[in-house]
Amino acid sequence: MKVFGTNNLRKYYVYVGANAATNPRKAHRKLKNWTIVKAIEEITNVQNLTLRLEKVKAHSGVIHNETADKLAREGCLKPVCSPDLQSLTSVNAVSCWNTETIEEPLRHFTKKLGKAKHSIKWRLLNRNISTISAFKSKQIQWESSWRMTMLSYIDRNVTDNKETRQRAFNVKLFNNELPTLEKLKDRFPKIYENDSCIRCNLEKEDQVHVLTCPKNLIDIHSCRNKLINLLVNKTTTVACGDTCKNMCKTLEALKELHIPRDVNTRDANHLSFIDIMLGLIPITVYDIVLQKVVTHELADQIMDDVFVQFKLFLHTHIWKDRCTAVKKWETENGISNNKWKKKIRNETLDTIVTSQTNNTDNNSVLNNNLYIIMLSKIAVIGLGCIK
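In terms of full-length UniProt numbering, the sequence shown has 248 at position 248, counting the first letter as 1, and numbering is strictly consecutive.
Check the hints yourself; a few may be wrong.
The list that follows gives simulated cross-link-like pairs (lysine-lysine, DSSO-like), each with its CA atoms no further than 30 Å apart [as the list claims (entries may be wrong)]: (1) 327 <-> 78; (2) 121 <-> 38; (3) 112 <-> 190; (4) 183 <-> 204; (5) 121 <-> 185; (6) 111 <-> 226; (7) 245 <-> 121; (8) 138 <-> 215; (9) 117 <-> 215; (10) 172 <-> 162; (11) 138 <-> 255; (12) 121 <-> 111; (13) 320 <-> 190; (14) 121 <-> 190; (15) 327 <-> 190; (16) 255 <-> 327; (17) 245 <-> 162.
In short, the hints are calculated from the structure, not lab data.
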């Protein structure tokens with residue numbers, strides 16, 4: 001919605017887009033900034049202003065629409081306008097969460113809160129608690145990260161083998177579950193006696209090393225340039241080309257896209273390009289795209305398309321080449337019998353279960369203390385996962 005003043009101080013023209021809702025009840029359900037709308041309504045009633053609604057087609061060259069887009073683009077990074085809620089006479093109650101006003105319907109907020117709880121549980125897993133801190137989790141655009149990982153809803157009617165394989169790769173990469181030699185040695189210690197990378201023999205082959213191995217056909221700097229080019233080209237196609245002139249330099253200077261000196265380590269308090277390769281999308285990258293295209297719908301579309309192509313690039317040029325080399329090495333060492341692997345794994349699991357049964361009583365107190373710590377952390381980082 002765009003509001004413009006005229007020479008007559010008693011008249012205001014409100015230009016709305018083509019997708020504006022005509023039903024007031026439906027419009028109220030979708031309202032995400034109802035406090036500001038209520039403030040405008042009371043101001044117009046007190047000052048006896050006249051509002052006239054006019055539908056304007058987007059990108060039609062109308063001067064008022066172009067002015068509104070320009071102002072919206074400039075106001076993306078400015079402080080949020082928040083009215084004085086106590087002075088609103090038509091508002092009986094205001095919903096809040098952790099002293100912050102809820103600016104959308106409670107039904108939508110409850111859904112977001114449920115998604116946030118799932119994100120918190122995922123972040124507090126042992127595999128993530130040492131690499132993603134509470135501060136770092138607030139720098140991640142969680143909605144885009146989850147959507148890009150899953151690719152589509154799990155209850156869709158049509159399935160695709162190619163998309164299923166790509167989703168499996170994304171989910172395993174996101175959750176540190178790719179079958180690297182580190183994982184294989186842990187699962188089959190009697191078969192895989194060494195977890196060193198078979199291509200470079202320099203480091204232990206964990207998930208980060210697979211993406212940064214010096215023997216990869218595509219090095220990490222080429223991957224970074226690939227992602228930046230995808231973002232710039234896609235944004236330039238959707239938005240006006242003149243607004244994207246300096247976008248490449250802005251992305252290259254972004255600290256969330258820098259490559260650390262030691263590529264095999266992850267800083268728990270700062271995002272780097274390693275985290276982006278694993279599936280975490282920084283808020284700063286999303287905001288740069290949003291500033292160019294203005295609307296969240298276009299920004300979501302660009303981020304989804306770019307990161308799906310980028311993950312497909314990693315899967316095709318890095319992971320598949322690594323799997324080919326490992327399969328060849330396994331064949332040369334006689335480690336290609338799946339039945340033998342299953343037998344050895346069952347024997348190993350029986351031994352582990354027996355040892356864990358003896359220590360159940362000692363671990364119960366530790367688990368209760370850990371659960372209390374997790375609940376306290378949920379209260380601290382709850383808002384960080386919602387935003």
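Against the structure, the hints come out as follows:
A distance of roughly 54 Å separates the Cα atoms of residue 327 and residue 78; the hinted pair therefore is violated under the 30 Å criterion. Taking the CA atoms of residue 121 and residue 38, the gap is about 37 Å. The hint is violated against a cut of 30 Å. A C-alpha spacing of about 45 Å is found between residue 112 and residue 190, which places the hinted pair above 30 Å, so the restraint is violated. Note on residue 183 and residue 204: the hinted pairing holds, with a Cα-Cα distance of about 11 Å set against a maximum of 30 Å.
Under the criterion of a C-alpha separation no larger than 30 Å, the hint pairing residue 121 with residue 185 is consistent with the structure, at around 27 Å. For the suggested pair residue 111 and residue 226, the alpha carbons sit about 35 Å apart, so the restraint of at most 30 Å is broken. Simply put, residue 245 and residue 121 have alpha-carbon atoms about 41 Å apart, too far for the 30 Å limit, and the pair is violated. Distance restraint check for residue 138 and residue 215: the Cα-Cα separation of roughly 34 Å exceeds the 30 Å cut-off, and the hinted pair is therefore not satisfied.
With a C-alpha separation of about 40 Å, the suggested pair residue 117 and residue 215 falls outside the 30 Å cut-off, and the hint is violated. For the hint linking residue 172 to residue 162, the alpha-carbon distance of about 16 Å falls within 30 Å, and the restraint holds. Between residue 138 and residue 255 the CA atoms are separated by roughly 15 Å; this keeps the pair inside 30 Å, and the hint holds. This hinted pair checks out: residue 121 and residue 111 have alpha carbons roughly 16 Å apart, not beyond 30 Å.
With a C-alpha separation of about 26 Å, the suggested pair residue 320 and residue 190 falls inside the 30 Å cut-off, and the hint holds. Distance hint between residue 121 and residue 190 is unfulfilled; the C-alpha atoms sit about 33 Å from each other, more than 30 Å. Taking the CA atoms of residue 327 and residue 190, the gap is about 18 Å. The hint holds against a cut of 30 Å. Among the hinted pairs, residue 255 with residue 327 is inconsistent with the structure: their alpha-carbon atoms are about 37 Å apart, more than 30 Å.
Taking the CA atoms of residue 245 and residue 162, the gap is near 35 Å; set against the 30 Å cutoff, the hint is violated.
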